[in-house]
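*Asks:* Make the full structure from the sequences, and use the hints.
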Amino acid sequence: SQQGEEDPQALSIQEGENATMNCSYKTSINNLQWYRQNSGRGLVHLILIRSNEREKHSGRLRVTLDTSKKSSSLLITASRAADTASYFCATAPGNRDDKIIFGKGTRLHILP
Amino acid sequence: SAVISQKPSRDICQRGTSLTIQCQVDSQVTMMFWYRQQPGQSLTLIATANQGSEATYESGFVIDKFPISRPNLTFSTLTVSNMSPEDSSIYLCSGGQTTYEQYFGPGTRLTVT
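Protein sequence lines, in the order shown, are assigned to chains A and B. Sequential numbering of the first sequence, starting at 1, is according to the working numbering. Sequential numbering of the second sequence, starting at 113, is according to the working numbering.
None of these hints come from the bench; they were simulated from the model. One thing to keep in mind: the hints can contain errors.
On the chain A side, residues computed to face chain B include the following (Cβ under 8 angstroms) [claimed, not checked]:
| no. | residue |
| --- | --- |
| 1 | Asn30 |
| 2 | Asn31 |
| 3 | Gly40 |
| 4 | Arg41 |
| 5 | Leu43 |
| 6 | His45 |
| 7 | Ile49 |
| 8 | Ala85 |
| 9 | Phe88 |
| 10 | Ala92 |
| 11 | Lys99 |
| 12 | Ile100 |
| 13 | Phe102 |
| 14 | Gly103 |
| 15 | Gly105 |
The beta carbon of each residue, even a glycine, is placed where N, CA and C say it ideally should be.
*Replies:* Shown next as structure tokens:
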């Protein structure tokens with residue numbers, strides 16, 4: 001079954017506002033990753049957070065991980081038009097031999 | 113990290129034909145994977161490309177439809193055989209040293225008419 005589930009499925013905000021996307025998962029993980037996909041393009045790896053980490057930052061991105069709630073959030077601060085894209089979380093199961101599983105994604109649209 | 117390129121970037125094909133997609137990594141990677149992303153959907157793993165041996169396919173995908181080659185640690189191909197309009201998707205390859213740290217190519221957008 002699908003591991004990650006993003007929430008919301010779609011989000012529209014004004015440029016300059018902060019965007020928050022959430023990801024919930026079902027089983028134990030080794031790490032959780034967030035990817036961005038611009039329309040019709042490949043995936044760009046944004047950030048990886050390991051199961052023993054609670055928060056990571058990268059530029060305007062902030063990712064949190066709560067393993068007790070099996071959830072993660074991606075915060076994009078001071079959004080820009082170029083942030084318009086789909087964002088996917090992907091979970092790497094605790095078993096090293098298992099593959100990463102992608103959620104359905106959140107479509108983010110930044111309004112001018 | 114690894115930089116991954118794919119060829120072609122897009123193609124329009126007629127039903128019943130086959131298309132081979134190439135994936136090139138700029139460094140040797142242990143793992144390579146092929147994914148399909150249907151319009152508006154998430155990524156679905158097709159198979160793990162094993163160097164020097166047959167690929168490992170996920171449920172719902174078979175070798176006759178999606179033959180995969182991986183002759184070395186930097187290159188793999190995916191063929192979409194006997195295409196139908198339902199095969200219209202973006203096909204992405206990924207590579208990395210482990211299953212859970214992967215780098216993705218830009219994808220191949222396939223349209224079958």
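*Asks:* Which constraints among the numbered hints does this structure fail? Numbers only, ascending.
*Replies:* When the structure is compared with the hints, numbers 7 and 8 turn out to be violated.
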